[in-house]
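S.K.: Residue numbers (UniProt numbering), protein chains in the order written: chain A, 1 to 353; chain B, 1 to 406; chain C, 1 to 528.
Derived from the structure by calculation, the hints contain no laboratory data.
Heads up, the beta-carbon is just placed ideally off N, CA and C, and yes, glycines get one too.
You may find that some hints are simply not true.
Stated by the list, open to error - Pairwise CB distance ranges, derived in the manner of DEER restraints: (1) C:D378 / A:K286: 32 to 38 Å; (2) A:T5 / C:D378: 43 to 49 Å; (3) B:E286 / A:K9: 44 to 50 Å; (4) C:P414 / A:F163: 37 to 43 Å; (5) C:E133 / A:E97: 57 to 63 Å; (6) A:E133 / B:R358: 33 to 39 Å; (7) C:E482 / A:K286: 50 to 56 Å; (8) B:E314 / A:E97: 49 to 55 Å; (9) C:D135 / A:G27: 19 to 25 Å; (10) A:F163 / C:K460: 28 to 34 Å.
These are the residues of each chain, in order.
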Amino acid sequence: MITLTIDGKRVTVPKGTSLLDACRIAGADIPTLCHDPELSLAGSCRMCVVEVAGRRNLIASCVTPAEEGMQVETESEAVIEARRIILELLLARHKLECHVCERDGDCKLQDYCYRYGVKDSRFKGEEPHFYKEDPNPFIERDYDKCIMCTKCIRACAEITGAFAINLKNRGHNAVISTAFDLGLKDSTCVFCGQCIMVCPVGSLVSKVEKGRGRTYQTEKVRTVCTYCGTGCTLELKVLNDRVVGVNSIRDEKLSPANRGALCVKGRFGWDFIDSPERLKEPLVRKNGELMPVSWEEALDYTAKRLKEVKEKWGSDSIAVFTSARTTNEENYLLQKLARAVIGTNNIDHCARL
Amino acid sequence: MNGEKRILLEYADKINPEKAEDYIKVGGYKGLEKARKMKPKQIIEEVKKSKLRGRGGAGFSTGMKWSFVPEHAPVKYVVCNLDEGEPGTYKDRIICEKNAQALLEGMAICALAIGAKKGYIYCRGEYPHIVRLLNNAIESAKKAGVLEDFDIEVRMGAGAYVCGEETALIESIEGKRGEPRFKPPFPGVEGLWGVPTVVNNVETFACIPYILTHGAEWFASIGAPDYPGTKVLTLTGDINNPTYFEVPTDYLLSDVIYKLGGGIKGGRKLKAVQVGGSSGAFIPPENIHTSIDFDSMSRIGASLGSGAVFVLDETRDIVDVATRIAKFFEHESCGKCNPCREGTFRMYEMMQRINAGRGSEEDLENILVLSRVMQKASLCGLGQAAPIPIETTIKHFREDYMRKLM
Amino acid sequence: MTNSIKDLEEEAEVIFLIGTNTTENHPVIGYKIRQNVLKRGAKLIVADPRRIELADLAEVYLPFKPGTDIMLINAMMHVIIKENLLDKEFIEKRTEGFEEVKEIVEKYTPELAARICGVPAEDIVKAARIYAEADKAAICYAMGVTQHSKGTDNVKAICNLAMLTGNIGKPGSGVNPLRGQNNVQGACDMGGLPDVYPGYQKVEIEENRSKFEKAWGVKLPDRKGLTLTEAINAALEGKIKALYIMGENPMLSDPDSHHVEEALDNLEFLVVQDIFLTETAAKADVVLPGVSFAEKDGTFTNTERRVQRVRKAVNPRGNAKPDWQILCEVATRLGYPMSYQSPEEIFEEIRSLTPSYAGITYKRIEETGIQWPCPDTDHPGTPILHKEKFVRGRGKFHPVEYREAAEMPDDEYPLILTTGRNLYHYHTGTMTRRVAAIDQHKPHNEVEIHPRTAQLYGIKDGDMVRLSTRRGSIKLKARITENIKEGVVFTTFHFGEAAANHLTNASALDPVAKIPEFKVAAARIEKI
Ligand SMILES: Cc1cc2nc3c(=O)[nH]c(=O)nc-3n(C[C@H](O)[C@H](O)[C@H](O)COP(=O)(O)O)c2cc1C
Ligand code: SF4
Ligand code: SF4
Ligand code: SF4
Ligand code: SF4
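Let's have the full structure, built from the sequences with the hints guiding it.
M.R.: What follows is the structure, given as structure tokens:
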């Protein structure tokens with residue numbers, strides 16, 4: 001264990017704790033743009049800098065181990081100046097259009113500018129010019145909003161392992177790019193959207209969700225993906241009784257199977273819910289055609305016909321197929337219906353298919 | 001006698017640097033021989049006692065650096081930094097051209113001290129002839145049997161200035177994008193391929209054989225007490241005698257210019273001198289009466305750096321010079337961290353504006369704030385040092401700037 | 001799965017993947033396996049006729065011929081026994097029947113397997129060594145193993161291999177079937193099977209029956225029922241007269257669609273409860289509109305046996321109703337009143353009758369789902385099965401012999417067709433084909449062909465081809481790829497307009513699980 005002083009408060013932390021974690025334990029709110037607990041460290045955004053007595057330079061707390069006896073100030077004048085200047089530098093390369101941005105209200109750049117009162121950039125000059133249309137149907141990439149945190153690159157490599165994106169060019173021209181700068185479709189991208197999940201700003205957004213509502217407008221409902229057996233936890237975003245998007249939950253406890261990671265189906269495959277082809281009325285075949293009817297009619301007719309068959313041919317002339325896509329409760333009820341109500345064990349589902 | 005003291009360059013042009021035998025004839029590989037009879041710890045002690053400090057620019061104690069390498073790691077590397085990307089600097093090239101075997105010997109001694117079996121020399125991309133020279137030198141040393149089982153491989157650099165930064169250099173050897181890593185962990189603990197690695201400059205390594213051969217006390221007695229030994233300087237700019245010299249470290253900067261350099265071209269007056277390469281501070285004439293050693297330079301807000309000395313005469317437009325330097329850094333920033341990637345770019349924009357007569361006093365203020373933040377918050381030495389030439393020119397030559405403002 | 005997903009990411013030192021294209025079919029599990037290899041240096045053994053993505057990271061890749069799984073696994077066991085790499089202590093203390101298996105695998109030499117499976121003998125030996133020498137080795141498999149006329153034997157062979165090396169009941173090991181659909185596990189757990197009540201309590205055991213008779217207050221049938229495939233056959237024969245289908249699309253998901261169509265046409269009455277008018281619903285007499293996962297509460301049980309909450313996010317679309325409510329109404333009208341007020345009330349009944357779910361409550365799984373068995377409300381759940389002992393006491397080795405697939409290539413149908421899924425679509429495409437972005441991205445079915453096979457038939461990448469088996473033919477685009485074995489072709493069953501199951505073999509069923517032979521059919525291909 002080591003003891004250090006942070007903003008006048010003494011804290012004791014295990015050896016190997018990062019200065020960032022130590023500051024947070026001490027109750028200091030340290031801003032970060034490139035840090036992500038699940039990804040390798042970059043140490044590049046420099047927003048987490050703090051002042052350590054005896055050090056000439058400011059120290060990036062995310063990549064510096066806490067040391068015995070350190071005297072740390074997390075909001076000194078120099079620290080605040082550095083953070084402000086970094087934000088202004090980022091703003092100067094940022095297409096500032098919060099009024100139409102998907103991430104308005106859920107954007108770290110906004111949050112930190114608000115926190116440090118950064119209205120405008122004194123470094124305005126050449127405007128960002130990185131935007132390039134990517135014609136895939138899932139992900140919009142607008143690098144005119146990119147703040148170069150490289151979290152997307154790391155998530156792509158370290159969560160999914162697709163290695164679809166990396167840095168291209170150097171210095172101010174550095175930009176996130178696929179190999180040969182092709183569209184994502186022609187890269188090794190598998191459209192898992194992990195990059196969207198980690199992007200702290202509106203640079204990467206889901207094309208499927210675009211324009212359907214901002215995070216703060218939506219209600220969030222934690223549930224489980226409807227596709228494969230992995231059972232990924234996800235959060236449905238709801239606005240006006242419609243599902244308008246999907247969020248990851250990056251918490252082991254709430255999202256035990258996937259810790260927020262999703263695949264293309266889980267992240268982008270939800271808009272069938274409001275497909276115009278959804279069945280909205282019961283149908284009964286009349287004169288060879290399926291016609292919409294009331295529930296009363298459909299249910300009465302179903303019961304009547306099932307009873308007839310049962311009376312005429314016996315319980316075992318009826319079979320029931322339950323579903324690997326409905327809930328446990330529904331599966332239970334349907335097998336109960338088969339066994340206790342119809343009186344047959346002819347129940348199965350396509351577990352094997 | 002002009003006051004030069006030649007140790008590394010004593011036999012310049014008198015021996016063939018490729019030939020181990022030539023070097024052995026003038027006393028070479030004695031240090032290595034001696035080191036083989038010592039325990040690793042003793043070698044490190046000897047280097048510490050010599051007070052040798054890194055000649056790559058940061059001036060860190062070489063013995064200390066070696067002592068940080070964990071003893072029991074199974075694999076370790078020795079890496080020589082021959083990237084020499086600093087414009088106006090070519091002293092490492094000269095050392096190789098004149099005395100390559102001393103570099104190899106120094107690396108081999110380091111390998112013994114830390115327990116490495118393999119070394120790399122990372123050579124600047126613009127020096128293909130040095131790669132050839134070094135390969136021949138290595139072959140000759142191998143033939144002579146002096147290196148024993150220590151293996152040295154020469155790698156060609158990627159042509160980026162930032163690859164001279166030791167961790168970017170390591171990334172580059174690993175075949176990755178040449179971007180600095182954050183420190184700690186320092187290369188001594190986690191370097192090339194993740195194992196302990198010593199990275200030293202060519203000149204640093206080349207000093208080692210002489211320290212072992214003649215003893216630490218001898219070395220420590222030369223030049224400035226806290227930065228002893230000699231330093232190879234390269235002199236460029238408006239100077240009568242633009243060439244290289246090896247001087248003791250307590251040599252005066254004014255003597256470099258007026259004695260070794262033969263004074264300013266055309267008898268003009270000195271405007272400023274920049275020491276240490278592009279990222280060095282500009283020193284006004286009133287401060288040149290200072291010893292060139294690391295600490296004395298620091299005291300006047302400058303740095304010895306790689307030992308490049310760039311002399312400007314009174315006719316030079318210092319704002320224009322500073323703008324060019326801003327452009328250099330804008331081009332060389334690797335782009336990893338925010339303060340430098342965006343800062344060098346905006347710095348160049350503002351400097352261009354001022355230089356073209358479109359700048360305002362506000363620009364000047366903004367440059368100073370930006371300078372401060374870049375120096376304090378950039379990830380590596382490039383971003384930290386990039387604003388220094390600009391800041392020092394504003395400090396010492398403010399009127400030159402004011403004249404150009406709108 | 002005997003173990004947890006997390007084990008594959010953080011514990012397993014060796015992972016043997018057989019018949020699972022994990023990154024496509026269980027993508028997030030695939031990502032985790034890949035990270036285990038990249039970050040922790042886990043070793044992969046990949047056995048699959050297609051060069052799946054993870055094969056690139058594999059220590060050994062075995063592109064074996066479809067249908068020769070048992071040959072391969074028995075040969076691995078042969079090597080392990082011969083080289084004495086087995087876990088003697090585990091075999092002695094925890095298992096029975098080893099001698100029999102030992103005797104049987106004697107003849108399965110790597111050389112024999114090499115000939116039959118079409119992979120080099122040394123690779124089989126290498127795979128056996130890597131698997132056996134690891135401290136913690138996990139096996140994962142999916143439909144590639146089970147969808148065969150001898151799928152049950154395949155699984156037995158896999159279990160033998162795991163027991164032989166003591167890779168059961170400890171972290172990072174186990175026999176891990178990856179379940180295809182989100183709630184296959186739950187549907188089985190809930191007794192959606194012809195021979196068991198919820199919790200795998202056999203219907204033919206008197207004691208179980210009386211327990212459920214008492215709980216449900218009615219007399220229950222005492223013989224096990226028909227499986228899905230048997231029921232389809234019975235419908236064709238006129239023995240099944242009415243069919244109630246909830247949320248399934250056998251027209252696309254079942255083998256030999258023509259046969260399924262005939263069977264459905266032969267029914268007196270067909271009810272389909274679904275969210276879309278599927279190919280199957282279009283044939284129904286009554287269609288009852290159910291709701292999607294977003295419109296109801298309940299639980300799903302994932303492939304690691306974790307019971308998790310599904311939560312209602314929006315109201316049912318139109319006049320659709322949650323499926324549980326529809327079922328209550330139908331039961332009530334059939335003279336058995338059901339008046340559950342909520343899924344939670346149903347769940348309470350489930351746990352009162354299902355010992356492995358007894359300790360799970362909605363309250364307990366509000367945050368984190370629990371892995372069954374969970375016998376009481378203080379029990380934390382069971383991330384690893386068979387830890388101290390097997391359910392039946394000792395683990396039994398079941399010797400299994402290799403048999404050829406039911407349908408082998410011949411002159412007329414010289415290729416082997418194998419079917420499966422791709423990353424973007426799901427099952428019969430009922431949902432994903434209606435996700436605009438996904439359908440835009442992957443709008444067509446394709447058949448994968450090896451370049452040399454393609455050359456033989458003069459087929460180029462992107463050509464339209466006719467793919468035929470004895471059951472029928474479909475038209476689709478050809479995709480030429482080195483990632484499939486020569487002489488084997490692959491396609492998916494997501495697409496109604498080019499449905500693989502027009503082609504597959506329904507008559508060859510696994511004798512126990514009654515799983516049809518989806519993975520092997522003799523086929524022919526021609527350019528059109
Ligand atoms: C941007 C940048 C460029 C550098 N370039 C060089 C170089 O070309 N040669 C060199 O020896 N050191 C260079 N350095 C310093 C190295 O990072 C490192 O400190 C040096 O190689 C250590 O050797 P020394 O202790 O022998 O000086 C550079 C540092 C920075 C930040
Ligand atoms: S969607 Fe997934 S695979 Fe594609 S770039 Fe983003 S993280 Fe990488
Ligand atoms: S796209 Fe987003 S995640 Fe990627 S570097 Fe830019 S800001 Fe960061
Ligand atoms: S997000 Fe993908 S991997 Fe996860 S459960 Fe859904 S379909 Fe499976
Ligand atoms: S300071 Fe500049 S060169 Fe160094 S890491 Fe940052 S961007 Fe790269």
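S.K.: Give a verdict on every hint.
M.R.: Hint check:
The beta-carbon spacing between C:D378 and A:K286, approximately 56 Å, falls outside the hinted interval of 32 to 38 Å. Distance hint check for A:T5 and C:D378: the Cβ-Cβ separation is about 44 Å, which falls inside the suggested range of 43 to 49 Å. At about 47 Å, the CB distance of B:E286 to A:K9 agrees with the hint of 44 to 50 Å. Distance hint for C:P414 and A:F163: a CB-CB separation of about 39 Å, consistent with the stated range 37 to 43 Å.
The beta-carbon spacing between C:E133 and A:E97, approximately 58 Å, falls within the hinted interval of 57 to 63 Å. Between A:E133 and B:R358, the C-beta spacing of about 35 Å keeps the proposed range 33 to 39 Å intact. Between C:E482 and A:K286 the Cβ separation comes to about 54 Å, which falls inside the hinted range of 50 to 56 Å. Restraint check, B:E314 to A:E97: a C-beta distance of roughly 51 Å satisfies the suggested window 49 to 55 Å.
About 43 Å separates the C-beta atoms of C:D135 and A:G27, a value inconsistent with the hinted range of 19 to 25 Å. As the Cβ distance of A:F163 to C:K460 is approximately 30 Å, the hint placing it in 28 to 34 Å holds.
In summary, the numbered hints that this structure violates are 1, 9.
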